[in-house]
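The listed protein sequences derive, respectively, from chains A and B. The first sequence begins at 1 in the numbering used here and counts up by one. The second sequence begins at 1 in the numbering used here and counts up by one.
Honestly, the hints are just simulated from the structure, not real lab data. A quick note: this is a predicted structure, and the numbers were derived from the prediction, not measured. Careful, some of the hints might be misleading.
Said to hold, decoys possible - Which stretches of chain A does chain B cover? Using the computed rule of at least three CB atoms under 8 Å from a CB of chain B, they are:
no., stretch
1, 101-113
2, 140-148
3, 174-181
4, 232-246
5, 264-273
What the hints assert, rightly or not - Ranges of calculated distance between the beta carbons of each label pair, as one might list FRET restraints:
no., chain 1, residue 1, chain 2, residue 2, range
6, A, Val-260, B, Asp-196, 41 to 49 Å
7, A, Ala-261, B, Asp-146, 16 to 24 Å
8, A, Phe-279, B, Ala-210, 33 to 41 Å
Every residue gets a Cβ at the ideal spot worked out from N, C-alpha and C, and that includes glycine.
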Amino acid sequence: MLIGLQVLGGLVSAAILFLVAAGLTLIFGVCRVLNLAHGTFYMLGLYAAYSLTTALHGLPGAFWLALVLVPLLWAAIGAVLEAVLFRRLYGVDVLLQILPTIALVFLGQDLVRAVWGLTPRLVSTPPALLFPLHIFGVTAPAYYAFVVLAGIVVAAGLWLLIARTDWGLLVRATARDRVVAATLGVDTGRIMTSVFALSMALVGLAGVLFAPIGGASPGMGVDSTVEAFAVVVVGGLGSVWGSAAAALGFGMLKSFGILVAPRFAVAFVFVAMAAVLVFRPAGLFRAPE
Amino acid sequence: MSLTSAALPLRTYRAAGPALAVALSLAAVGGLALAGEQGLALAVPTLIFVLFAASLNLLVGTGGMVSMGHAALFATGGYVAALLAKHGFDMASAALAGIAAAALMATAMAAICVGREPTAFIMLTLALAQLVYIVIWKWREVTGGDDGLIGFAPPEWLRGTGAYCALTVLAVAGALAALLRLTRSPFGAALRAVRDNAGRAAFAGLNVKAIQIAAFAISGAMAGLAGVLLAFFQRGMFVESAGFATSTNALLVCVLGGTRSFAGPIIGALVFRAVATLAPSVTSYWLSMLGVIVVLVGLYRPEGLAGLLLRPAARR
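Given these sequences and hints, build the entire structure.
Right under this line is the structure:
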């Protein structure tokens, strides 16, 4: 009974963690940039979902519209940000690389303060998924199952995209060696722009999906960035599948950690991270160099 | 990588930099002292922030290790001292224990983070600092959680703002002098060698990892001292001291002032504190604006404010 509920809760955390971390690790793997503002865009995705659904108050499809519109909008913002800002940071000293992303974190926090204020904002669960679902021998909100399903579908889609399409081949080539890829005629600039757009779409999607579960609050941007860092480092920098596995592990750790020590469930993630790195310095899914 | 190191001026302004930093700090404290008790109450946190930023720059500027977890060391020092003081220990032994705990925490952090690629290093320092933050925030029985840890005070003779400010001036000046000596000692040279080319430094016979961990421990002790000074000044420690903003503010200040000179973070910290004190009455979005300014400084003036101020002096 209880275990079934914890498993489902863990899967929900894992799905969200994966969507955030996958974008982060993609940007790092292909563009070699560490984006400290990644979680900020997750937070802004939640607020955008809130504003869209409240603006369309009464419309039954408001949530679904947000689920489509926010990722599309985030992809567009990502493409513009890459072209205007991040492109200038490739190959630059790491301190100068993270500074603009820290500035983006501040800007995001101030934007939230100015537009939405400090009170947490909740998004109501879409009416179509408001029924209880009997799964794993427990009764749980159907929306939880939907989030888990969405995570799995996106992960599978991501795999198809990276492993089975021409675009994916070019992405892998750019990630492996940008200069050689460019010499062989790959338009690496466009590849990096599209990877950035995809990553932003993923993080926007994560924001909308989580909005009915946890709601939006001002401090969550930094928190989710740091949690995604733990996922990415444990999974192995640049490895999407490592991130998926680490997200699953951390999701379960958080969910079952609540049973052991409710207050320290999140801390377990970072303790596990440190423990993994002591024994496998390159992360779980990347061969040590 | 090469882009910035080529753009940074590598000549050191051996005397001009520290002299300028001392002059500006004295001017700031003196100016605030003229404003009386209230001014001194502003001078103390300013000096503490100066020391905190300078201790971070031992890692960032001299060591080339961009740590985003410095707040954890600051908070460890402050909280350990506060806890001991609350349980009846005198200020001196509480302070020493706080400094030692911060150095120990720094060593542990370094043991996990040092020797990785710069990006992983940043992510790890930030994640470990978050762990410290969560523990302080959630372990209410010991740390007081988000209510803060209160219920202790410095000894009678230090309770006046003037006396405490004098103590802070002495402690910060002493720590900065030690830091300056250290950066100009053979150890400092070794640390710079490791920063510029770890492979070559190792080949020359330097124990790269030991040097980096030692730098972390020393930097942690200094950050811990800053935390201790703040704890007894506020007569309390609060969870924000371990937060993301504490680390990033210090990092911004290092870049603003210039990471490659000793005076850089000191000047940067003074400017930051001046802005943080004056700007909120003009706009509540000052931190974002300052962030953008620091980005521009970092990209176009990597030598920072210290470089801008000192360049004419060096030419003469």
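Evaluation of the provided hints:
Counting residues of the stretch 101-113 of chain A whose CB lies closer than 8 Å to any CB of chain B gives 8, so the stated coverage by that chain holds, three being the minimum. Given a C-beta distance limit of less than 8 Å, the hint that chain B covers the stretch 140-148 of chain A is violated, as 0 residues qualify and 3 are needed. Coverage of the stretch 174-181 of chain A by chain B is violated. Counting CB-CB distances below 8 Å, 0 residues qualify, and the rule asks for three or more. Check result for the stretch 232-246 of chain A against chain B: holds, 3 residues qualifying (beta carbon to beta carbon below 8 Å, three or more required).
With 6 residues having a beta carbon nearer than 8 Å to a beta carbon of chain B, the stretch 264-273 of chain A meets the requirement of three or more and the stated coverage holds. Taking 41 to 49 Å as the suggested C-beta distance range, the pair A:Val-260 and B:Asp-196 conforms, at roughly 47 Å. Look at A:Ala-261 against B:Asp-146: about 18 Å separates their beta carbons, and that is inside 16 to 24 Å. Between A:Phe-279 and B:Ala-210 the beta carbons are some 21 Å apart, a value that contradicts the proposed interval 33 to 41 Å.
Checked against the numbered hints listed earlier, the structure breaks hints 2, 3, 8; every other hint is satisfied.
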